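Undergrad: Sequence:
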Amino acid sequence: MWFDPNYFWLVMIPTLVLSLGAQVLVRSAYSRWSGIPNSRGLTGPEVGQHLIRSAGLQGVRLERVPGELTDHFDPRENVVRMSDSVVSRPSVASMAIVAHELGHAQQYQQRSPLIAMRSFLLPAVQFSPTISYMLIFAGFMFNATGLIQLGALFFGVVVLFMILTLPVEVDASLRGLRILRESGLIGVEQDITGARSVLTAAALTYFAAAITSVLQLLYYLSLASRRN
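One point on numbering: in numbering that gives the first Met the number 0, the residue at position 165 of the sequence shown is 164, and numbering is uninterrupted.
Heads up, some of the hints might be wrong.
[To be verified] Across the chosen pairs, the derived CB separations fall in these ranges: (1) Phe-126 x His-71: 20 to 28 Å; (2) Val-187 x Pro-112: 29 to 37 Å; (3) Gly-34 x Thr-129: 37 to 45 Å; (4) Asp-3 x Glu-62: 41 to 49 Å; (5) Ser-27 x Val-213: 22 to 30 Å; (6) Phe-126 x Val-213: 15 to 23 Å; (7) Ile-162 x Ser-87: 33 to 41 Å; (8) Arg-110 x His-71: 17 to 25 Å; (9) Val-187 x Pro-128: 41 to 49 Å; (10) Thr-129 x Pro-4: 23 to 31 Å; (11) Pro-112 x Glu-62: 26 to 34 Å; (12) Pro-36 x Asp-3: 47 to 55 Å; (13) Pro-112 x Ile-35: 32 to 40 Å; (14) Ala-143 x Thr-192: 50 to 58 Å.
Derived from the structure by calculation, the hints contain no laboratory data.
Keep in mind the model is a prediction, meaning the values are calculated, not measured.
We treat Cβ as the ideally placed atom computed from N, Cα and C, and that holds for glycine.
Sequences and hints are given; from them, build the entire structure.
TA: Shown next, in the form of C-alpha cells:
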C-alpha cells in the first residue's frame, strides 16, 4: 500500500496541503499579533495571574517552557506552561494564548463533557495507532481482509479522538475570550480582533488534523473493500 497511487492522491497530498496551509496561517497570525502590544501592556504571566483571580480558577499555576508556540495546559499538575515569547512580550498574541490555555483549565475544573470524553479516549489513543498499523500490515502480508478491517477499527479510535479535539479546542478559545472580557482586560477592539485571529488560526490546525485522520481511515476501509 506504500506505493499505492490512491494513497498519494487521496491522503498524502491533501494532508500536506491542509497541514502546511494551517501552519502558514498560524505562523502568520502569531507573527503579526506577537508584535502588537495589548492595550494593558501585560505579559503572559501577568495576564494569567489576573485571569486566574477573576475567573476563580483554583490552584492553577503558571510556568515557563522553552521554545515557541509550545504553550499548553497540563491537567495532571494543573499548570499552564507558557513559551518564551508569551512570557516576555506584552502582546495581543500572548494575551490570547494564555486565555486559551486557561480556558482548558476551566474545562477541567467545571468537568466539561467534551474534555471528559476526550480524556476517556486518551489511554487508548496512546497505543491504538501502533496496533492499527501492525494489523493492517499483517493483513497485507497474509492476505487477510479481516485483519485490515480490525486495523481500521483501531485507527477509528484515533479519528474519534481527533474529531473530539476540535470542539474541545474551540470551546477553550471561546471560554478564554469570555474570561478576558469579564476580567476587563480587553481595553480596545484591537485586543479582541487580534485574539480571535490568533485563536481561529490555531483552531484550523485541529480541523486539518481531523480531516486528514478521516481521509486516512477511509483509505484503510477502501483497502479492505478492495481485498474483498
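Undergrad: Give a verdict on every hint.
TA: Okay, the hints, checked on the actual structure:
The supplied range of 20 to 28 Å is met by Phe-126 and His-71, whose beta-carbon atoms lie about 22 Å from each other. Checked against the hint of 29 to 37 Å, the pair Val-187 and Pro-112 passes, with Cβ atoms roughly 35 Å apart. A hinted range of 37 to 45 Å for the beta carbons of Gly-34 and Thr-129 is consistent with their spacing of about 42 Å. For Asp-3 and Glu-62, the Cβ-Cβ distance of about 45 Å falls inside the hinted range of 41 to 49 Å, so the restraint holds.
As the Cβ distance of Ser-27 to Val-213 is approximately 26 Å, the hint placing it in 22 to 30 Å holds. Separated by about 21 Å at the C-beta atoms, Phe-126 and Val-213 satisfy the suggested range of 15 to 23 Å. At roughly 36 Å, the beta carbons of Ile-162 and Ser-87 sit within the given window of 33 to 41 Å. Range check, Arg-110 to His-71: Cβ separation about 20 Å, and the 17 to 25 Å hint holds.
A hinted range of 41 to 49 Å holds for the C-beta pair Val-187 and Pro-128, which are about 45 Å apart. The hinted range of 23 to 31 Å is satisfied by Thr-129 and Pro-4, whose Cβ atoms lie roughly 26 Å apart. A hinted range of 26 to 34 Å for the beta carbons of Pro-112 and Glu-62 is consistent with their spacing of about 28 Å. Remark: the range hint 47 to 55 Å for Pro-36 to Asp-3 is upheld by a beta-carbon distance near 51 Å.
Separated by about 36 Å at the C-beta atoms, Pro-112 and Ile-35 satisfy the suggested range of 32 to 40 Å. Ala-143 and Thr-192 have their C-beta atoms about 55 Å apart, which keeps the hinted 50 to 58 Å range intact.
In this structure, every one of the numbered hints holds.
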